[in-house]
Amino acid sequence: MQLSRKADYALRAVAFVAQMKKGELASIGRIASERGIPREFLAKILKELTRAGILVSFQGVTGGYRLAKPAKEISFLDVIEAMEGRVAVNLCVDGGHCDCTEEKGCEIRPFFVRQQEYIEKSLKKQTFGGLGGDR
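Numbering (numbering that gives the first Met the number 0), first residue to last: 0 to 134.
Think of the hints as simulated: they come from the structure by calculation, not from any bench. Warning: the hint list may mix true and false statements.
[Stated by the list, open to error] Taking lysine-lysine pairs in the DSSO-like style, the calculated list, with each CA pair at most 27 Å apart, reads:
1) K21 - K43
2) K68 - K20
3) K21 - K68
4) K120 - K5
[To be verified] Using C-beta positions, here's what the derived DEER-type ranges look like:
5) E106 - P37: 42 to 48 Å
6) V112 - S3: 20 to 26 Å
7) V55 - G35: 21 to 27 Å
8) E23 - K123: 26 to 32 Å
9) K124 - S32: 29 to 35 Å
10) R29 - Q125: 50 to 56 Å
11) G59 - S121: 36 to 42 Å
12) T61 - Q18: 18 to 24 Å
13) S26 - G52: 17 to 23 Å
The C-beta atom is built at its ideal place from N, Cα and C for all residues, glycine as well.
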């Protein structure tokens, strides 16, 4: 499993916003330059994060972004799924997309089910509050 560049940039952007002081907004220019994210691509990502309820956007010259809820309530899984949809290690555990003809008797499926559960649990457990920001 490899995250898309979009999901990676989204994680970096949310981590940056999570470290802002209370009441301070993160501008798109500042996020882009400090996290090394192309500005145009970042604009699309921030729009999706806002639509997903992870960020709040403020318009205008002094506008920017802040977290929509406390950093400890936003998990890595929330951000990744906002960008990519459900995370799955393979088709076998991707919510009914298994093309195996012997799904019920498949000897490798239990392994992937365990890995899927572990990855989801780990990504859900890691919040942006655990990174030092809790705004």
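Q. Which of the numbered hints are not met once you compare them with the structure shown?
A. 10
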